[in-house]
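Protein chains: 2
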Amino acid sequence: MLYLIGLGLGDEKSITLKGLEIVKKCDKVFVENYTSILKNLDEMIPMLEKFFERSVEAADRDTVESRAELILDGAKDRDVAVLIVGDPFCATTHTDLFLRARKKGINVSVIHNASIINAIGSTGLEVYRFGHVVSIVFFDEGWKPSSFYKRIKENKSRGLHTLCLLDIKTRERTIEAMMKGLDIFQPPRFMTVDVAASQLLELEETLKEEVCTSDTLAVAACRVGTESQEFFTGTLGEIAKKSMGEPLHSLVIPGELEPLEAEMLSLWASDEEVISRLKALYEK
Amino acid sequence: MLYLIGLGLGDEKSITLKGLEIVKKCDKVFVENYTSILKNLDEMIPMLEKFFERSVEAADRDTVESRAELILDGAKDRDVAVLIVGDPFCATTHTDLFLRARKKGINVSVIHNASIINAIGSTGLEVYRFGHVVSIVFFDEGWKPSSFYKRIKENKSRGLHTLCLLDIKTRERTIEAMMKGLDIFQPPRFMTVDVAASQLLELEETLKEEVCTSDTLAVAACRVGTESQEFFTGTLGEIAKKSMGEPLHSLVIPGELEPLEAEMLSLWASDEEVISRLKALYEK
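Sequence lines, in order, name chains A and B. Using the UniProt record's numbering, the letters of the first sequence map in sequence onto residues 1 to 284. Using the UniProt record's numbering, the letters of the second sequence map in sequence onto residues 1 to 284.
Next comes chain A alone, as it looks inside the complex (with noise of 0.2 Å):
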């Protein structure tokens, strides 16, 4: 049996106990650790060996996708878990797992959890009122793709809020182990809020279609379903200065809102200007 358990936002103690129950009888257990970082690998996997009192193994980009076998050989007649931040089935990498289990003839078993999908909703936006997702790269001198503004622009004319992911950047090599062939990587890079909201003012000045100007509302979510967790209501104008400390953050730009969901996103609001706009919105 192949086990997918959601270890959810927080911490180790994030997992669900039926996770716990099956992460303690299995054979054999990984972590995977590239879709989204809670933590680096070597902090993790040494934090859930003490927490599960059993070891841990590194599941890489390379292994899910590419070495799938190593996982799936083991759960054809033993008990093997996959260990995924947030819940199994936000990344398309664990449903092209759950594919070739199937293929293979071993059954899959899915423990859910928490996801950035849902956990945003703390914000006070509704979740039902959400459009199709973006994820935010970072731009490099070659490469600035805006795809992500006309999905934006596509969702606010419905109403619809948008959820901005932003960039992780993971085992990129260095440009020396490039030319070398060396598997030498840089430090992960986490867009944060700053950076993501002065790249879509940089595709406003280019576009000009009034979707992301400096004046636009925004909500920074950082940290989401952690203990640090901070939200953040203002302009893209003043997200674009603000620091909000470390990885992961989101970014989410709404669409029409509710009185019970401006009044929430007040709560966040610094500037007052800001809040006398959403104000307009909840006291009438």
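Please note that a few of the clues may not be correct.
If several chains are the same, the list does not tell them apart, and a pair holds so long as it fits within one copy or across any two.
[As the list claims (entries may be wrong)] Capping the alpha-carbon separation at 27 Å, the derived lysine-lysine pairs in BS3-like fashion look like this:
id : residue 1 : residue 2
1  : K13       : K156
2  : K24       : K50
3  : K103      : K156
4  : K279      : K104
5  : K50       : K25
6  : K241      : K153
7  : K50       : K13
8  : K103      : K284
9  : K279      : K103
10 : K104      : K284
11 : K144      : K169
12 : K13       : K25
13 : K24       : K76
14 : K208      : K241
15 : K13       : K24
16 : K13       : K28
17 : K50       : K279
18 : K279      : K241
Since the hints were made in silico from the structure, they are not lab data.
Take the given structure of chain A and dock chain B to it, following the hints.
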């Protein structure tokens, strides 16, 4: 402190370790049972009391919405937990409770868990590619709203999937009770996928916009996240005639399907023509 604790979708063991620790130390624990339903309250409270080894009180709709004071008064200088099936912020009632607490100067801590919003990903449909979530309500003679039909159409026109949450009727008074002004309620009613599909087909007959025809593909997702979870991919015509057992049921009307999504959906199909339609999308 007020703790809003998600119970997830499965059974009592779907609570997180963090959630469990808080339940054990709180002075008072409520469980709400109306925005979504695991079991009848009559069964659920003894089950939770046994599992948590402590007393648990029901917080029905009246308590949470109108008599929130009862919950909040206790939370001023003691620790009070409200247990919520799924994730705490997937219903506006809890946003309201959160706001009221903040206005009284009570700190609120949220322990997230899985909800249908992310767990629907286990059908194989990508959670990022969903549009506005809709609720399909029970039709009666005089009342047949069609707003959800229009939302499905909008989502489809952008290639997005639609998650349809199905109506739950609890605490409906009998006609006799209404006449006498008594608090006597009918047993709860849960909409099943066959009823939802039939209602969509009924709307199609009137509106004729080719959104929900008997040939439209849909995914029935029943008891998601529980031991008896069951999926079925078929046409709305097929689903309208299909009995999928105990509640809770949800229905998805997919938008455009990516190859991996189509392959996953084919796992839950039985009709040869449906399987061929899906195969055409992933066997290229």
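Consistency of the hints with the structure:
{"no.": "1", "hint": "K13 x K156", "result": "neither (37 Å within a copy, 39 Å between copies)"}
{"no.": "2", "hint": "K24 x K50", "result": "both (12 Å within a copy, 23 Å between copies)"}
{"no.": "3", "hint": "K103 x K156", "result": "neither (41 Å within a copy, 30 Å between copies)"}
{"no.": "4", "hint": "K279 x K104", "result": "between (57 Å within a copy, 19 Å between copies)"}
{"no.": "5", "hint": "K50 x K25", "result": "both (16 Å within a copy, 24 Å between copies)"}
{"no.": "6", "hint": "K241 x K153", "result": "within (23 Å within a copy, 40 Å between copies)"}
{"no.": "7", "hint": "K50 x K13", "result": "both (12 Å within a copy, 22 Å between copies)"}
{"no.": "8", "hint": "K103 x K284", "result": "between (58 Å within a copy, 18 Å between copies)"}
{"no.": "9", "hint": "K279 x K103", "result": "between (55 Å within a copy, 15 Å between copies)"}
{"no.": "10", "hint": "K104 x K284", "result": "between (60 Å within a copy, 22 Å between copies)"}
{"no.": "11", "hint": "K144 x K169", "result": "within (16 Å within a copy, 50 Å between copies)"}
{"no.": "12", "hint": "K13 x K25", "result": "both (18 Å within a copy, 16 Å between copies)"}
{"no.": "13", "hint": "K24 x K76", "result": "within (19 Å within a copy, 39 Å between copies)"}
{"no.": "14", "hint": "K208 x K241", "result": "within (21 Å within a copy, 51 Å between copies)"}
{"no.": "15", "hint": "K13 x K24", "result": "both (14 Å within a copy, 15 Å between copies)"}
{"no.": "16", "hint": "K13 x K28", "result": "both (20 Å within a copy, 22 Å between copies)"}
{"no.": "17", "hint": "K50 x K279", "result": "neither (48 Å within a copy, 46 Å between copies)"}
{"no.": "18", "hint": "K279 x K241", "result": "within (24 Å within a copy, 49 Å between copies)"}
Of the numbered hints stated above, those contradicted by the structure are hints 1, 3, 17, listed in ascending order.
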